[in-house]
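J.: Given next are the chains, with one letter for each unit.
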Amino acid sequence: MTDAMSAATPAATDGPGAAGKPLRIRRRIPTRTPHQAADGIRAGHRLGHPLVGIPWALPALLFVGVLLVYPFFRSVYGSFFEDNGFTSHYTGLDNYARLADDPIFGRSLLNTVMWVAGTLLLPVAIGLAIAVATHRMRFGWLAQLLIVLPYAISGAATAVLWKFILTSEGSLNEVLHGIGLDSLARAWLLEWPQNTIAMIVASTWQATGLNVVLFAIGLRAIPRETVEAAELDGATGWRMFRHITLPQLRSVTVVVVGMAIVNSLKAFDLIWVLTQGGPARSSETLALTMYREAFRLFHVGYGSAIALVLSIIVVASSWMYLRRQMPDTSAAKN
Amino acid sequence: MGRIFRNLFVAGCVVLWLIPLYLLVVNALTPVAAYTGRPDWAPRGFAVWENLSTAWSDAGIGESFLSSMVYAMVCGAAAVVVAAMAAFAVVVLPIPKPVFWFWLIYSGTLFPLQMFLAPLFGMYADGNLYDTRLGLMLVYVAWAVPFAFFLIRNQMTTMPPEVTEAAMLDGASFRRIFWRIHVPLMGSSLAAAFIFQFTAVWNDLLFGITLSRSPDIQPVMAALTTLNNAYASSGPPVILAGALIVSLPTLVVFLVFRGLFLRGITATAR
Chain R
1 MTDAMSAATP
11 AATDGPGAAG
21 KPLRIRRRIP
31 TRTPHQAADG
41 IRAGHRLGHP
51 LVGIPWALPA
61 LLFVGVLLVY
71 PFFRSVYGSF
81 FEDNGFTSHY
91 TGLDNYARLA
101 DDPIFGRSLL
111 NTVMWVAGTL
121 LLPVAIGLAI
131 AVATHRMRFG
141 WLAQLLIVLP
151 YAISGAATAV
161 LWKFILTSEG
171 SLNEVLHGIG
181 LDSLARAWLL
191 EWPQNTIAMI
201 VASTWQATGL
211 NVVLFAIGLR
221 AIPRETVEAA
231 ELDGATGWRM
241 FRHITLPQLR
251 SVTVVVVGMA
261 IVNSLKAFDL
271 IWVLTQGGPA
281 RSSETLALTM
291 YREAFRLFHV
301 GYGSAIALVL
311 SIIVVASSWM
321 YLRRQMPDTS
331 AAKN
Chain G
335 MGRIFRNLFV
345 AGCVVLWLIP
355 LYLLVVNALT
365 PVAAYTGRPD
375 WAPRGFAVWE
385 NLSTAWSDAG
395 IGESFLSSMV
405 YAMVCGAAAV
415 VVAAMAAFAV
425 VVLPIPKPVF
435 WFWLIYSGTL
445 FPLQMFLAPL
455 FGMYADGNLY
465 DTRLGLMLVY
475 VAWAVPFAFF
485 LIRNQMTTMP
495 PEVTEAAMLD
505 GASFRRIFWR
515 IHVPLMGSSL
525 AAAFIFQFTA
535 VWNDLLFGIT
545 LSRSPDIQPV
555 MAALTTLNNA
565 YASSGPPVIL
575 AGALIVSLPT
585 LVVFLVFRGL
595 FLRGITATAR
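These protein sequence lines are chains R and G, in that order.
Residue 334 is where the first sequence ends in our numbering, and the numbering goes up by one at each step.
Residue 604 is where the second sequence ends in our numbering, and the numbering goes up by one at each step.
Here chain R stands alone, though its shape is the one from the complex (with noise of 0.2 Å):
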C-alpha cells in the first residue's frame, strides 16, 4: 500500500519543495513515445517507410473523418444558411442574428446555466461528501457499489423511473402527503423553474456515484505521512479537510469538474424522456432547443447554429480538463 503510494507520488510533484504547496499531478501525456524518441533517423530506417503506419491508421480515420469531423464542418457550413430541410438559401450571420433575440433561446441559455451550477452544487459536492465519508471506513466500498449502481443505467431508463416519482401523482408527492407537507406537494415537472431543478435532482441520483468513485481515487493517492504530519500538528475534522485533504484533491477535481460540466451541457436523454423539454418548451436546454430546432420544426441552418453555440460553450468550459489530456507538445519539439 504504502509502496503503491510513494511510487505515485515522485512522478506527481513538480520540485522537491512542493511539499508546503498543493500537490499538482501534472501528468501530461508524451506524444513522442520511447519507441520514437529513441533515435529519429535510424528507428526509421529499421521500421520503415514514414508512411507505413498510415494503413493502419486508415480505418479510424474514414470512420472519424467521414462521420464526424465531416459533418462537424458541414455543420458550420451550413449554420450560414436559411435550410427548411428542402430548401436553402445563403443568409450569413443572420441565424445568430436571430438567436439574441429569440426568448426560447434565452430560455434555453438560462436552463443550461442552471443544469451546469446544479451539477456542481449536488453531484460534485455530494460527491465528494460521500467520497470523504467512506474513505476507509468499514462498509464503505458497499456504500459507495450501491450508489454507482445507477451509473450503469441509461439516462433513458433513468428518466422513466423519475417520472414515475415526479409525475404530479408519483411517489414524490405521496410522500409529501402522507407526512403532512402537502404544501411542498407541486406538478414538479409542469412547471418552471422547478421542472429543470427536478430534473438535475434525478440526474444526481445517476451521476453522483461516478464522482464518488473518481474523489475516492484521489483519496487513496493521499500520502499517509501528510495525514499523519497534520494530525500531529493537532489538525482534525474540518480543518484537516479544508487544509489538507481539499488541496490534495486539486487535480482530481479538475477531472470532476470539467466532466460534470462536459455531461451536463450534453445531457439530452433524461431530459428528453422526462419532459421534451416541455412544457412549452421552458425545460429545454441547448442540446434539446437544436434537437427540436433541427428535426421538429425543421430549422436545420438555425440548429446547427445552436449547435454550433453548445460546442463552443462545452469545449471553453473544459478546457481545464482537456489541457491534461494533451499530449505533451514540448517534449515533441525536441
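Simulated from the structure, these hints should not be mistaken for lab results.
Backbone N, C-alpha and C fix where the C-beta goes; we use that ideal spot for every residue, glycine too.
Watch out, some of these pointers could steer you wrong.
[To be verified] Covered stretches of chain R (in silico footprint by chain G; criterion: 3 or more residues with CB under 8 Å from a CB of chain G, positions within the stretch not fixed):
1. 71 to 83
2. 123 to 136
3. 144 to 153
4. 267 to 279
Assemble chain G onto chain R, guided by the hints.
T.: Frame of chain R; chain G shown alone:
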C-alpha cells in the same frame, strides 16, 4: 460524535439512493389491472413475468433488445479493433506528426452529438442509410472509436519499445507484432475499452431517434422512449418492466466487470 454523524450521513445517502430502485422493482411487480394510478410502496401481487413479457413482446422492447445487442457487441468490438490499430500506428510506427493524428481522432469525443446530427441525417437520407441497421452501426463505430483510441493509446505508450524492437530483430511483420504481441499484452485495456463502448452504444438514445424510425431497426432506448410516451395506455408497471429489461445488460456487465467498467472512465483521472 463525528463518527455517528458520518455513519448516519452515509446510511441516509444509501437509503435515498436505493429508494428509486426499490420503487422500480416493487411497481414492476404490480399486475397492470391492479394498478390504482398511484405508486405502490409495498409489493401488491407478483405479476413481474406478465409485465416483463408484455413489455418484451407487445411493446416491442424484445425486438429492439436483440437489435441493440448486435449493435453494441459488433460496434464495440469493431471500434476497439479499429482504435487499437490506430493507436499502434500513432505509438509504435514511425508516423509523421503523431500529435495531429491524435487530435484528429480524439476530437470526435469533444463535441456534443448535436454538432454532427443534421449533416449526418442529410448524408444518410441521400445515401439510403437512413433507418437501416448498417447506417446505425457505422455511426456507432465512428462514435466509439475516439475514446477507445484515447484509452488504448495511453496504455500502449507504457509498453517498453524493446518488446517491439526484439520482435523486429526476429523478423516479425507489423501485422504479426500487432496481433501476437500488442493485442495479447493489452488484453485488459482492450476489454475495458470494449465494455465502455458496449455500454455507450447500448445506452444511446440520440442517434437512435434521429437516424432510425422503424421498430425493427430502432435501438432499445428509442423503443423504451416510445413505450414511455404511451404512459397512460400501457400502464406504468409495464413501462417500469421495460426499463428493468433495458437496464439489465449494463447492470450485469457493471456488477461482473466492475473494475474494467470503471477503468474506462477513471483512466482520465489518474
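J.: Quick one: see if chain G covers the segment 71 to 83 of chain R, three-plus residues with Cβ-Cβ under 8 Å.
T.: As far as the segment 71 to 83 of chain R goes, the hint holds, because 5 residues have Cβ atoms under 8 Å from chain G.
J.: For the segment 144 to 153 of chain R, does the count of residues with a C-beta closer than 8 Å to a C-beta of chain G reach 3?
T.: Answer holds; 9 residues pass the 8 Å Cβ test.
J.: Under a C-beta cut-off of less than 8 Å, do 3 or more residues of the segment 123 to 136 of chain R approach chain G closely enough to confirm the stated coverage?
T.: It holds: at least three residues are needed, and the segment 123 to 136 of chain R offers 5 whose Cβ sits within less than 8 Å of chain G.
J.: Verify the coverage statement for the segment 267 to 279 of chain R against chain G, using a C-beta to C-beta distance below 8 Å and requiring 3 or more qualifying residues.
T.: holds (count 4)
The earlier numbered hints are all upheld by this structure, with none contradicted.
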